[in-house]
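Letter by letter, the chains look like this.
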Amino acid sequence: MGALISLVAVAAIVLLASVGASTGDGLRFVFGVILPGVAFAVFLGGIIFRVVHWAKSPVPFRIPTTTGQAKSLPWIHNNELEAPSGLPGVIGRMALEVLAFRSLFRNTRVEILPEKSKVNYIADKALWAAAMAFHWAMFIIVLRHFRFFVEPVPAWVEMLQSVDGFFQIGLPVYYGTTFLMVVGLAYLLARRFFDSKVRYISLPTDYFALYLLLGIALTGIVMRHIEKIDVVQVKAAIVGWASFQPAVPVGVGLWYFVHVTLVSALLIYFPFSKLLHAPGVFLSPTRNLANNNRVRRHINPWNPDIQGHSYAEWEDEFRDKLKASGYALEKE
Amino acid sequence: MAEKSPQELIQIDLTPPPRKWMNPAVDFEARRGTWSYPGGVKSLDYLGMPNVREWSPTDADWKLPENWQQIIHDGFKDLLKKYRTLEIFMDICVRCGACADKCHFFIGSGDPKNMPVLRAELLRSIYRKDFTAAGKILGSLAGARELTEEVLKEWYYYFFQCTECRRCSVYCPYGIDTAEITMMARELMNLVGLNINWIMEPVANCKRTGNHLGIQPHTYKDNVEFMCDELEDVTGIKLDPPINRKGAEILFVIPSADYFADPGTYTFVGYLMLFEHIGLDYTLSSYASDGGNFGLFNTAENMKKLNWKIYHEAKRLGVKWILGGECGHMWRVMHQYMDTMNGPADFLEVPRSPITGTVFENTTSTKMTHICEFTSDLIKHNKLKLDKSRNDQFRVTFHDSCNPARAMGFLEEPRYVIENVCNHFYEMPENTIREHTFCCAGGAGLGNDENMEMRMRGGLPRGNAVRWVRDHHGVNRLTCICAIDRATLPPLVEYWSPGVDVSGIHELVGNALIMEGEKERTTDIRGVPVQPEKGEQDDV
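These protein sequence lines are chains Z and A, in that order. Quick note, the first sequence lines up with residues 1 to 332 if you use our numbering. Quick note, the second sequence lines up with residues 1 to 540 if you use our numbering.
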């Protein structure tokens, strides 16, 4: 049900963009210039607002989750990447988490065999592989898009393109990342449909983000490989937009407007949704703090000024019993 | 004991039902055995907790205060301002499901709301409704729910069905920690007087007497003397441990279960034998008579208050530093909270072993060292006379307690001690130990008898791993460094893996120690006759 509602929502966005783009220059301007501008502003502003808001909220306790041996006695080998004792270790741990999805790599699947009275844990790297494929591919694809934003095309973008198109299949060349992004997304979507546990926990919004991303990828593929749109015109439109000299995009075709509108929708949606996991992971206190609790005191800015039940109160209450048992007392 | 047999209980289907999870409905009557009784009025009044009343989860009317929704809303807002963790963990979950089958309660019950992601969604759905634009506008499409009495009842059921073991947070790509979420939910429930007696009575006891079990100082002394008498029968050596002695070098802090009930008591005498063996200048305290801290399972405020006495007593006695016994959640508090809450301990000195001269560089601020750090350093420097063969009747495995493993990174120290005091040590399967360790299912205040079915269910993964080493290596002794483990694992292994006993590590140390002037040991320190090594036929 949630999957369907989200599909309808994304279809409505596609329909709106198509209708808009074929109605006339006025709406083309709206969908091709104004909407992406607004979306970009909302995206940037929203993320900055969110991250600043998070960063301002206090971290009262230092609570890293340790996933390896801590630094203790000198002859015990410690694991800095799993239980960092200081900043270098934390940076390494965060780098592994952000760049290689370290924690997801641990994933296992549980299997209960009642007739054998046995519980098994089976390594399950598929989610990790799909997540890595999708995220890295998308990242490289975003970088590749720089060729539409600046003239001349920077050398590093050219290089990225040639590596990405290494296999020289098709004309225009198919990029490896195109394949990886679609396959990755397809797997992530498929498990929301077919894995009963993931289906159960999925909200409509979980499908919405995947549909948007798939829509963006597929319209991109259509433009490049099926419609083979005029890249020169596309670049003229985008460079104009990026240099604040916007004009109604011409000669770019319907799919361009659909693609740009879906991207705009994603950008607007981003700061109000779970997509915030991207900046959020950097601020996660169980990962970005050193496990040096007993070495350096962590300060809680709102540490309440309270005391416990004092020894004097305790001695007063149990004075007779303490005396009878021969304890030494503070007050006789 | 749970009424169902292990064979019945293990018939678990992990496939969730077709109906959506957002419908909150818990039939407490039908689910007896899987929840805990509410906090008693006497304890709550003593602690000055809000909205105290007599009530039962099976009642239709939970007698909530009139404006309970407002109280929860305001409390939520307050916690969001105080904890970045709460904000981040509410905002960034993508529901990837990596955590889903990592929870021992989900594995053992198949109840989908025990998937950590859904446990958090119980709270997150209310967060969305009350504090996010998307939730306010889109409602259930964005995963938002109205806070109804039914939702609150569901909170009570599921947030007292989490042992705060943090296993899920190991697998989460963003480190979302369900223990933290459960702690927040319990803070909120407390505001409207929803809590459980197996937490609140210990907290009240601990405030009054210094320990969770409510043991008063004269009984404390009697217990210690009784244990020493028993030990004399075994070893021929009479110990007279100092209590509340001013000017000692070290204050030794332990969980109260260690001087209350078997098998913790054997760990206790193990500590005392060790100290006697090396001639340590230390003292026990019948005021700071519990390092354990059920405030951790209740509210940050109560945690701070109960923990406060440790430094207070160290200061009063004029000790140089603090040594802590084998206890899991106690060590989470000592390691991650004590210094922040009640430090700085600038009146103490950096812990230094008087026997080896080793300075414990990893405790320079809290000034508190773990007994396994202390003992492994002694062994490393050859300061102990040990006869490993005295533990030859035991085939030992080690259960990593959740908090030392996942909140301290305390993995090698206990293993080093074990390997030096016994000859037969076997690890459980790798997905069930170290940072992957499975909870005893009785932590965070859930180790009570009325919750026994849920404990046995949640105990399945641990029990099954113990069974594996029992069947493959003939393991008959499950060691741990946690007082809650020592209380909750015995029924667990009796249920899932009979024939295995539970003990602390320092019980094995006590067995192996060659004490000066001891008589010939014909029994272990439990008084059980030492059996000559059986045949090696089951060696694998």
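The set of hints was computed from the structure by calculation and includes no laboratory data. Treat the hints with care, since some could be wrong.
Unchecked claim - Sample of chain A residues facing chain Z (criterion: CB under 8 Å; computed from the structure):
no. : residue
1   : P16
2   : E87
3   : G97
4   : V117
5   : K136
6   : G139
7   : V151
8   : K153
9   : C172
10  : D339
11  : P344
12  : F347
13  : F410
Unchecked claim - Covered by chain Z, according to a simulated footprint, are these stretches of chain A (three or more residues, beta-carbon under 8 Å):
no. : stretch
14  : 28-42
15  : 72-84
16  : 206-214
17  : 379-389
18  : 417-424
The structure displayed is predicted, hence computed values, not measured ones. Where is the CB? At the ideal position from N, CA and C, for every residue including glycine.
Taking the hints in turn, this is what the structure says about them:
1. P16: 4 Å, holds
2. E87: 5 Å, holds
3. G97: Cβ of A/G97 sits 4 Å from chain Z, so the hint holds.
4. V117: 5 Å, holds
5. K136: 11 Å, violated
6. G139: 10 Å, violated
7. V151: With a minimum Cβ separation of about 16 Å from chain Z (threshold 8 Å), the hint on A/V151 is violated.
8. K153: Check failed: Cβ of A/K153 comes no nearer than 21 Å to chain Z, outside 8 Å.
9. C172: Since chain Z brings a Cβ to about 6 Å from A/C172, closer than 8 Å, the hint holds.
10. D339: 5 Å, holds
11. P344: 5 Å, holds
12. F347: 14 Å, violated
13. F410: A/F410 check passes; min Cβ-Cβ to chain Z is 7 Å, inside 8 Å.
14. 28-42: n = 0 at 8 Å, threshold three: violated.
15. 72-84: This one holds; 5 residues, not fewer than the three required, reach chain Z with a Cβ under 8 Å.
16. 206-214: The restraint on the stretch 206-214 of chain A holds, since 4 of its residues have a Cβ under 8 Å from chain Z and three suffice.
17. 379-389: Violated, because only 1 residues of the stretch 379-389 of chain A bring their Cβ atoms closer than 8 Å to Cβ atoms of chain Z.
18. 417-424: With 0 residues close enough to chain Z, the hint is violated.
Hints 5, 6, 7, 8, 12, 14, 17, 18, counting from the list given before, are not met by this structure.
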